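Student: Residue numbers (our numbering), protein chains in the order written: chain A, 1 to 719; chain B, 720 to 1016.
Simulated from the structure, these hints should not be mistaken for lab results. Any given hint might turn out to be false.
What the hints assert, rightly or not - Here's a subset of chain B near chain A, in silico, CB distances under 8 Å, partners left out:
| no. | residue |
| --- | --- |
| 1 | M730 |
| 2 | F806 |
| 3 | M809 |
| 4 | P838 |
| 5 | F839 |
| 6 | S843 |
| 7 | F958 |
As the list claims (entries may be wrong) - Beyond 12 Å from chain B on every Cβ pair, some chain A residues (computed):
| no. | residue |
| --- | --- |
| 8 | E140 |
| 9 | Y153 |
| 10 | V208 |
| 11 | R624 |
| 12 | D640 |
| 13 | K657 |
Here the structure is a predicted model, which means the values were calculated and not measured. In this text, a Cβ means the ideal position worked out from N, Cα and C, and glycines have one as well.
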Amino acid sequence: MSTSQYFRFQRRIEQLRKKKLEQTHEKIEKEGSLDEDDYGRIVPPVDGWETKANHKDGSFYGIDGWTDNFCDLMANHLVYVDPNDAFAGRWMYFLSRMRSNKWNPDYPYEHLQENIDKYNIICGIGDDAHFAPDYSMGLELGFGGLLDKIDHYRKINNSEEQKKFYDAHERAVKSIQKWIKRHISVIRDMIEEESDFELKRNLYEMAVVNENIVSAPPRTLREACQWIVWFHLASRTYNRDGAGGQIDALLQPFYERDMKNGRIDRDEALYYLSCFLINDPVYWQLGGPDKDGNEQASDISFLILKAADKINTSLNITIRVHKGMNEDLFQKALYYLIKNKNGWPRFSGDKALVEGFMKNGFDAATARQRIAVGCNWMSLPGMEYTLNDLVKINMAKVFEVAYCQMIADKNGNSTSDLWRRFSKHLEVAVHTAAEGIRHHLKYQKYNEPELILNLLSHGPLEKGLDVSDGGAKYYNMAIDGAGLAVVADSLAALEQRIEREKKISWEQIQYYIKTDFKGADGERMRLLLKNSERYGAGRSLGDKWAGEIKAVFVKLVRKESEQSNRQLFIPGFFSWANTVEFGVTVGATPNGRKSQTPISHGANPNPGFVKDAASLALASAIARIQPGYGNTAPMQWELDPGLAKQEHASMIGAIIKTHFKMGGTLINVNIMDKQKVLEAHDDPEKYPELVVRVTGFTAYFSMLTPEFRQLVVDRILEN
Amino acid sequence: MNGIITTIQRMSIHDGPGIRSTIFLKGCNLHCLWCHNPETYSAKIELEWIADKCIGCGECMSVCRTGALTVDAGIVQLDKKKCMSCFVCMSNCFTGALQKVGREISPAETFSEIEQDFPFFKESQGGITISGGEPMLQEQYVTETLQLFKNAGCHTAIETNLTVPWEKYQRVLEYIDLVMADLKLMNDQKHRQWTGGSNRQVLENILKLEQSGKAYWLRTPIVPRVNHSKKEVEEIVAFVSGLKNIQKFELLPFHSLAASKYKNLGIDNFFEEENTISQKELECYNSILEKYKVIRK
């Protein structure tokens, strides 16, 4: 590779970065703020494609409705080619969000609605994706191989319903192929028009790459990346699926073969990987053990990190930390985290994840394959259906129900009585959530079959069954608890201030909660409660209660498992970006939280939970409340920029490793300069490139709603 | 024997190698006018008023028997001279603005509080540091505490001003992995002027340390008006260059972060107007370090 070639790639990457920022700006301008991932999506044209209803309620459901709409969208989706890019394609439409209704009304769940509302449960009924495809299958078969597979199994599974099932998947694959072919045609036209010789050559290569993979499986690194891009764009378009895989292991054979054959050099590989990553902030894992426990990191793992550094946009890369880890990869990851302060990479802890998942009855080899491919979640690519990150119980609301009931009963108040009531209500809430999941599993195929993810799952095509309907190998259903710190701190404040210190009475507390701590006296009371022994301080009352909550939540979720139905229920603590909307439903709480303000984030203590050493206290506290069955209770770490210096990398690394040794599962890190984040909050356009790790996902700060920006600002300032 | 400490600072990263917990002991036999920990001047437990937390409600005044607390334009004022340190006001303060600085703690309690961070120490090759104030003024507590941590396999360090007789150090050195000490000024008169004590014992003890075989670091805080000059620094560096067994020599820049502590404690701050010295400013001493072949780490 000549120096001029290197700079040419560099220029192209810079152009792509610039364009990405323009696209983000356009998205904010035209679509407004969004408290979500960047997704890599670009704005669709005005008066663009529209869905076709197949139900009287104006929405579309079932395999026909989804196949018709998806195939029609693919046939009409705009072609996207950038001569600076190594890959064709971008996605524009949230098909799953274009419905007027997300659940087929023919399968009602009124019997659950009362408790869903009562306990403010996000029930997951009708939600989609949130499990991982097995990209290795796709890279091995290609689209043509997938069609052959469909053809093969349609002869074995030949009921009427299954005939329709295979027809639908065949149509879906062919519609993706046609979409690719339309791109090839446009690329060919662009080659003719392009005057820059190098860009012309790039377009020519892009056309050949795409022609090669329309049907056949990819053979080169560029083809493999382009294949993943196409499948992913189709899957994103279908239902926002953002799950990735063990990207270094997936691409390693292509990279090594190309390098060995002299087809590419490292600079060219770096260019491909940069283009690959800028396409979409997919959740990819780097490093980590293979099924035999051997480290998977290789040269390409480092190259992927380097590519990420080059583009430095919104990224969702996770480094798996384990005993046999490639220490150099870990150090490099820390280096980029500190250098860019852009919320990537994050880190997952192999020990607790593997040991926890094995408690469900899986062997170590299987458990090691359950990798970080989603916001807060792990998944066995292609092997399980999970509803990860989709079912959440607002425990602060459950607490409020219990508290109000105790006060209303006027049988005397105590924290022990409150705890008994809370546990009982939590049991009902967990059961309601589990019933919701069971309802979803029963009817989701009539609502929204997983037409695209079925293709890269082990089972659906083989059995002729949707992945939600028995097609998957395993059903490891996630239920997350949210608002842990609000509940723990509330119980601690009541026990400390009323029962131990006798500083205040239940009547006083009730008065101030009812009046939302109004007035000077109210504020004094609020601060008194807020300054009680909080969760996270270490050996505090709050820590004690957090431990109790964890224990009962885990027990209740596990109780819902049904081995006979192959349904396991796995607990986690996570709130995603729902802290604001969960908070709106909950009045003032005894921890000094004001009415309708956000609940605590995920498994984190409430901000300001400890006077100093927040990082150690946080790492210890969250390690202690891990549910312990392979799902996560992530540590959201607002790392002080004063510590986030390269000379302190070893200490940051030590905290990460220690958290994982203590039982931690996932660490999301933010390093935000306070002044900068305040300025960006006032004027988001001032820092259009500022990326924040909101929770499991990263987002452009400027894209967030003012309310959510405020939440992020508070979190950073108070920590 | 119990000790009087101000705080146990978890995740201390400037008081020795790795992640450490630093135990700050109360009471000092010097009175360095720029001290970053003025709360350790006095050996007694005292009252602190935290401006940021005070909402000016005046609840504290209603129980103060000596009139040490007043409210002026919505802001509470603490008159240290009148304060009898009865701490009754503290229990009436809802916001936590009035706090006790200092607490009595046993070696076992100290161990118990810190023990939770052992995994972080292990991973980062950190440990505990006993600092102050001057820890050697509470020799028995220090000895017993160090023994406990040493027996648990924890790395131990002490930060001392080296002003106490060497015999005292000899009694605890076996429980210490690292000694860190300040070398503030070579000129004894100036040392007395700025710290309230002589540096003779300090220099003598440094030479004893040098011969003891114990790992030690020397640190020179660079303070405006005190030693922020090539002459003062050169005198110190020349002395350090003669030490063959020193592990590390550091120039530490004066910073103004302690200003709020002076304010909260009602102590005069002689360096209120001085700005923090940047690491870059310290580079002006590089030529001196090079001249004497002393490597600043």
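Student: So, for every hint listed, does it hold in this structure?
Tutor: Taking the hints in turn, this is what the structure says about them:
Interface hint status for M730(B): upheld, as the beta-carbon distance to the closest one in chain A is roughly 4 Å, under 8 Å. With 8 Å as the threshold, the beta carbon of F806(B) stays out of range of chain A, its nearest partner Cβ sitting at about 15 Å, so the hint is violated. Here the hint on M809(B) is broken, as its CB sits about 12 Å from the closest CB of chain A, past 8 Å. Annotation: P838(B) was flagged as interfacial toward chain A, and the flag holds, the nearest CB pair being 5 Å apart, inside 8 Å.
This hint holds: F839(B) has a C-beta 5 Å from the nearest C-beta of chain A, less than the 8 Å allowed. At about 4 Å, the closest approach between the beta carbon of S843(B) and any beta carbon in chain A falls short of 8 Å, and the interface hint on this residue holds. Taken as an interface hint, F958(B) does not check out: its beta carbon lies about 27 Å from the nearest beta carbon of chain A, beyond 8 Å. The claim that E140(A) lies off the interface holds: its Cβ sits roughly 40 Å from the closest Cβ of chain B, which is beyond the 12 Å cut-off.
The claim that Y153(A) is not at the interface with chain B holds, since no C-beta of that chain comes within 12 Å of its own (minimum 50 Å). Distance check for V208(A) against chain B: the nearest CB is about 50 Å away, which clears 12 Å, and the non-interface claim stands. With a least CB separation of 10 Å from chain B, R624(A) falls inside the 12 Å interface cut-off, contrary to its annotation. The claim that D640(A) is not at the interface with chain B is violated, since a C-beta of that chain comes within 12 Å of its own (minimum 10 Å).
Distance check on K657(A): its Cβ comes as close as 5 Å (rounded) to a Cβ of chain B, failing to clear the 12 Å threshold; non-interface status is violated.
Of the numbered hints given earlier, the model fails hints 2, 3, 7, 11, 12 and 13; all others are met.
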